[in-house]
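A.B. asks: Chain by chain, the residues:
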Amino acid sequence: MTRNLKSIALTGALLTGLQAQAADKVTYEDHVLPILRNACLKCHNPDKMKADLDLSTFNAVIKGSGTGEIVAGGDADNSFLYQVITHAEEPTMPPNGKLSDKEIEVFKNWIVGGLLENTGSKAVMADKPKVDLTIDPDSLGKRPEGPAPMPVEVLSLDPFVRTERTSISTAIAVSPWAPLVAIGGQRQVILYNTDNLKVAGIIPFPKGYPHSLNFSATGKLLVIGGGRGANLGFSTVWDVTKGEQILTVGEDLDVVLATDISADQRYIAHGGPDRLVRIFSTDTGEMLHKIKKHTDWVTAMRFGPKGKYVASGDRAGGIHVWEAEPGGRVASLMGHRGRITGLEWVSTNVVASVSEDGTGKLWNIDEVTQLKSWTAHSGGASGLRRAQTGDLVTVGRNRRATLWDAGGTAKRSFTFPGDIPATGVPTHDAKRVIGTDWTGQVYVWNAADGQEIGRLSLNPATMAEQFAAAQKNVEVKAAAAQAAEVAYKAVLDQIAKAKADQAAFTAAVTMRQKAVTDSKEALDKLVAEKQKPAQAKAATSAKTVEVATAAKATADKALAAAAEADKPAAQAKTEAAVKMLNDAQAAKNSADKALATINTQVTQAGTIHAAANKSLAEAQTKQKTGQPVLTKRLADLAKANSAEQAKVTAAGAALTSAQEDVDHLRLSKTFAALYTVRREVSSQDAELSQLKAESESAQTALTNAKAALAAAQKRDLGAVKTALQAKVSGAQNAKAKADEALAAAQAEVAKEKTKVVEAQKLVATREAGMKQAQTNLQTAQTAEAKTKAAAKVEADKLASAQKQYNDIAAVELVPVQTIDRALGISVTQALIAKENAAKALQSIERELVTAEKAATGTAAAAKAAQDAAAKVKVAMTPLAAALS
Amino acid sequence: MKKIFLSLLTAPLLLSAAPKDLVDLQVYPKDAHLVTLRGKQQIMLQAKFADSTTRDVSKDAKYTFANPALVKFEDNIIKPVTDGETELKIEFGGRTLTVPVKVEKATEERPIRFSLDVMPTFTKGGCNAGSCHGSASGKDGFALSLFGFDPNGDYNRITRENLGRRINLALPHDSLLLEKGTGRVTHTGGKLFGNESSLYKTIVRWLEAGAPRDSAGTPKVMDLEIHPQQSVLEGEGSQQQIIVRAVYSDGSTRDVTHETMFLTNNDVTTTVDGKGMMTAGTRGEAFIMARYDQITVGTQVLVIPEMPDFKFPNEPEANYIDTLVHNKLKKIRITPSGVCDDNTFVRRAYLDIIGVLPTPEAVKAFVADKSPDKRSKLVDELIARPEFVRMWVMKWAELLQIRTQNNQFYYKNAVLYFEWLREQFEQDQPMDKIVQELLGARGGTFSNPAGNFYQVERDTLKLTENAAQIFMGMRIQCAQCHNHPFDRWTMDDYYSFASLFAQVGRKTGEDNRETIIYNRGSGGVRHIVGNRDMPPKFLGADGPEIRKDANGKMVSGFPLKDGADRRVALAEWLASPQNPFFAKNMANIVWAHFLGQGIVEPVDDVRISNPPSNPELLEELGKRFQESDYNFKQLVREICNSRAYQRSVQSTESNQSDTRNFAKSTIRRVRAEVLLDIISQVTDTQNKFRGLPNGSSAVEIVDGGTSTFFLTTFGRATRTTVCSCEVALEPNLSQALHLLNGDTVNTKCSQGGVVRKLLQAGKKAEDVIDELYIRCLARKPTETEKTKLMAFVGEEGRTDEDVLNDLFWAVLNSKEFIFNH
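Chains as they are written, first to last, in our numbering: chain A, 1 to 884; chain B, 1 to 821.
No wet-lab data here; the hints were simulated from the structure. Check each hint, because a few of them may be wrong.
[Said to hold, decoys possible] Computed beta-carbon distance windows for the label pairs:
no., chain 1, residue 1, chain 2, residue 2, range
1, B, His258, A, Pro305, 56 to 62 Å
2, B, Ser215, A, Thr295, 35 to 41 Å
3, B, Gly153, A, Val368, 34 to 40 Å
4, A, Ala650, B, Ser215, 42 to 48 Å
As the structure is a prediction and not an experimental result, all values here were calculated from the model. Every residue gets a Cβ at the ideal spot worked out from N, C-alpha and C, and that includes glycine.
In isolation and in its complexed conformation, chain A is listed as follows (with noise of 0.2 Å):
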């Protein structure tokens, strides 16, 4: 059976009504009578009723047949009268053919616009929304096909609701495949993004406070159950990947403790403080079955896997499974001694429970047996939920959540600094545990190694403060960023400078390595080329002394030897010894000073090159001792050098961040925005509508005056005058009468007169009868004048009523766009003129009940006098006879 999906759209069904309304206003007495005239009366009549169905009444077609209502207003697909007539449904009608598509056409604007009666009907809409939420039966317990359901820019990121304070949270849940948290919060529910703990979404829930949360089984829909303390519950249920709410069922007296959707989307069942179960049918939002068992507070609620069967447990201890359809009881499982707290199916069969008296349990449904029993919190347990993997999370009031394996062992416990906790759950993957407790506070918690990641907020700020924070973040960001550079910089600087270090040390090395090279050419420069000449030439000049002396000596000795003679010679040659000694000696003289100059020369040299020597060893000393220590500066440097530019490069990173942060920001405000108009925008749909049936029931209403005047038109005055007038004269033609029946007992008492005294004695008393019936003849006649009167009175104000009629129809011949804007206006006149057309009418015929009792009472006067003068005639007779 195909259903009309789009209906379901909050103004969707409201406008194509009015579309189809406005193109053609397909009524049951102009319409669709003449067609079942045709086609189905034969059967469908009052007297014959085939299926129980008679269809030649509006009132009747509206009641349907033995099986129930056959027209739904506003929708054709679903209203059994247009699916025989299409043969989409058994018993095919008419059972011998098929109307013309122009007749089903007729059928089907006809249930469309509102299931008119007659032009001055209003129409007619099943009120209860259509949803069609039914999902293949084989996808349950699957993962659906696509990307996981979130919500994507289409719930306001702003909370409706702010707060200076958290309080608990008692509803929590996980979407089964997408990492998605909602928590109930203050009139309304918020939901994370389990993987980056931002908000998701926040969906509004005006009436009330969320109580219990679940996700369908494919996490598309959210059921929120709630309202307020005493006074109202209800469950919504939300299309977290479209931020639409679809359906709303209950209208409780005390707020729902705990709600569920099945796994096939065709129930929802809630309970609450009023001990009752309440299943309602997704398709028709209608209440199915009312189940009055559990003996205290229904507070836990869960559908199994399947979608067949419903669990809810009560403050009592008690846990009963239902069937959904027919809602028998498949199951009581006695055991817990506190309230239920928290119900999860296992499996199809296996349901565990956690409750205040401190234990969890397992059951077999099957069996109707407790499989285990164990203490999951002293003091009492709060809460269970499971997670897709099978992972179980329960909260207690010892101030723990405790991560179950699928297999029922303990994984881990995580423990709530602040206060007792009210919920605890697994993400999708159960890769992280999220816990709220008493007051307010949100955890999460890494399931592998139970380390705190973060929290979130159940009063998050709004748009605005988060932007703002968010760029205040930026600015904190750049700076850091700045800093970071400014300290790579000094990293670098001193580098270099230990790196310049490091070459001084290399330059002065080599500088006076330099040194003692260049010290040691001049010193075996200066000895090669100065010292050992100037040596040679003073050895040359010693050795000329030797041989100068030597020759002095030879000279001496010759000299002394020389005779006298020779002496001369000798003597020159003594002298000339003598003088080559000198001359020896003087250049040995010269010869040694020139060397002792040089070897002063050389010996200063020599020191140079000691002291250069020396200035090497110290600088290759300092480089050697020098070295490591600026090698591990360079390393150190260059370490932090490294890390400098990672903190640069992280700070950039962290700007970037928060600069994407702030585009995000821009984005979700811009989608902010974007969803306050489409909400305005919705809602002003929603306005629209109503102002569109607002200008229909004023169009009716100017209908209904023009029909209620064309009536009173109807009314023929005339008629009415004429049948008063006949009354009238009726009373005349009895007065005539009367008249004729006086005179002729008048005649009579005259002709009688003289036969006896007594007889005119009794004349005289029926005179005064006569006299009677004479009075009222005359009241008769004031009373014709006064009937006349009273029907020119009628008159003028059917001239009056007239006048407003032409009021009324010169206002509507005003074109339609003047008319939308007075729309109030005219609707008011309208009514008013419709009202004053129905009080003329009233008085009209009020009038004319007047008229007709007067002229009822002449007549009757006259008959009275009439009778009045037989009565005399027959005492007349008598004595007459008993005269004569």
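With chain A held as given, fit chain B onto it using these hints.
C.D. replies: Same frame as chain A, but now just chain B:
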């Protein structure tokens, strides 16, 4: 503004009243101590006038502060401005009073505490009343401790029992607690307070603070001061403000007048509003109870009409009783009735004192006696008769529940117990001795029948309750589960008192009907809250727990050593002057017997909220009884000699509606046993009761379980409880029918043959009538009566005997016979 305006209006009105002589002027409280910006103290001024009326003159006095900068003073309430000390000078009627005023932490907020701030709102709002959430199982799933005896439990229930339902810290105003209390959502209890009330604001403040739990060392309310203690309001519509101040364990005080719940026990006479303003109604007495925290206190109000011309008649006074009764009557402007005639008196005295009717001879002799002190002589004479003892043994047998019980209390026990009682009274044993023997009894119940006190009731707590009810006239049962809502008794008091009976040992004697009572020397009683072993403590006396004595000094200690017989200590204390209740209670029981109405009524319901109608009289009776060494006969003599006892039942104009001030005599139905006895007496017949010889009187029946249809119908006590309510004196239809149609009267009339004997003695019908009247009513018939009665005599077809027997029957069925008047 409105209030100021009102006060302007009322002030001249009050001033315009006739000027009176001011005899006393009191200001309450005597000092004002304002701590934190929430500190406040209302000041009330009560004037007492020579005609014993009082008036609230708070609005008429002139108030001056020595340092006006420290405080604000509006509507007679002092509020803090700046820290410091000053003095409030009050001037009225030429007198001046001063009140020291101290202001501390004037600008600091007082931290909100659950037990000190929030809990009282539940009491004031009525939330924790027994009919609402204070009932044991709570209401609609929400339970509070009754009158707030368990603040800790209440804290947990409100904040953490039903997670997410009762409070909302984020949006405090949306808390279900407040939504329900203000009736914004369906609440079975309806709207209890408004959004603007201080109760609402207090709860919101607590929620806004995060609903904190009280820290350790949070002070407790130790005492509640209420002022004035007594008011005598003149004229309908006159008003009196009550001031209530709580005293905390840390020595601090708070004006809690507006946070206190006020209840009146008589809203025709006095109503009271939520702010402690009483308004007088019609003449009468009312008791206003003030409940704050777990303590209940009260104040007494007398309302008298404006009677400027009232003059108390010159009534003679026989003894102190009359003086005290008259004092009260003067105060409330009631003229008492005169004294009854001799015939009435002789019948009344006989019935009350010895439970029989005077013989015709006795009546004649008494009436004929011309001596002025013949009434007191008659009283002495009657007291000395054995029937006097019989009467009181019966009364005590009721209190001690002498009644056989299967396998616990046998007939032999009953007889021995009864005989023991008779001996005590016969030997004029002082009352304190009797009680001490009872409570301190040990050994076998055959050899020492007094020990039967412990055999009749074996349950320690019931024994405790019985002891309190019999000997002190107190019903402390309530305090077993919660602090007494209408009295001062706390659960601690209860269990500490019970602890005195915790060591009673019982074992079966040789004869299995006998129980040996001994001191076990060990054992105790545990408090139901916290399961503490409670140290023994006398009811209303100092114990190991620190308490304030009369002078405000802290005292402690209880002189009982381990292993000492707690009962002996109790017996000694109970029937001693140290116990302020015993003598008064005994005196009241006796008084109620003779006057038909206790000074505290019922006699075994002494409590703060049921004050004596004449405290001075009760005090004096108790004092004299005690001083006379608990001489019971002396007490009876004094009561019977008083003019209060001898009054006529005829009322005067002003005492018509009065029932509680002994301004006239009460008409009382003769109690079951005595009625049967006197019917038998006048008809000359005998009765047979189980275990007693033929002809014994019904008063002598030993066993409460023994009864006859007649006795049961007329409300004889079955002795299954110690309650004074067991003796039923209310008339009912079956009583009337039984007298008229039942076999008792009719059968006895003919059985005894009184009429026949008189006729046989040669008396004439006329004389027989006289004789029957004197016999039954202690008077001769009036002339009218006689004439009317004589008309029946000599009726055709009936003998005189038949007629006179009918007359006899008629007299026995007359109200005058069945009632003591």
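A.B. asks: Decide, hint by hint, whether the structure agrees.
C.D. replies: Cross-check of the supplied hints:
{"no.": "1", "hint": "B/His258 to A/Pro305: 56 to 62 Å", "result": "holds (59 Å)"}
{"no.": "2", "hint": "B/Ser215 to A/Thr295: 35 to 41 Å", "result": "holds (39 Å)"}
{"no.": "3", "hint": "B/Gly153 to A/Val368: 34 to 40 Å", "result": "holds (37 Å)"}
{"no.": "4", "hint": "A/Ala650 to B/Ser215: 42 to 48 Å", "result": "holds (45 Å)"}
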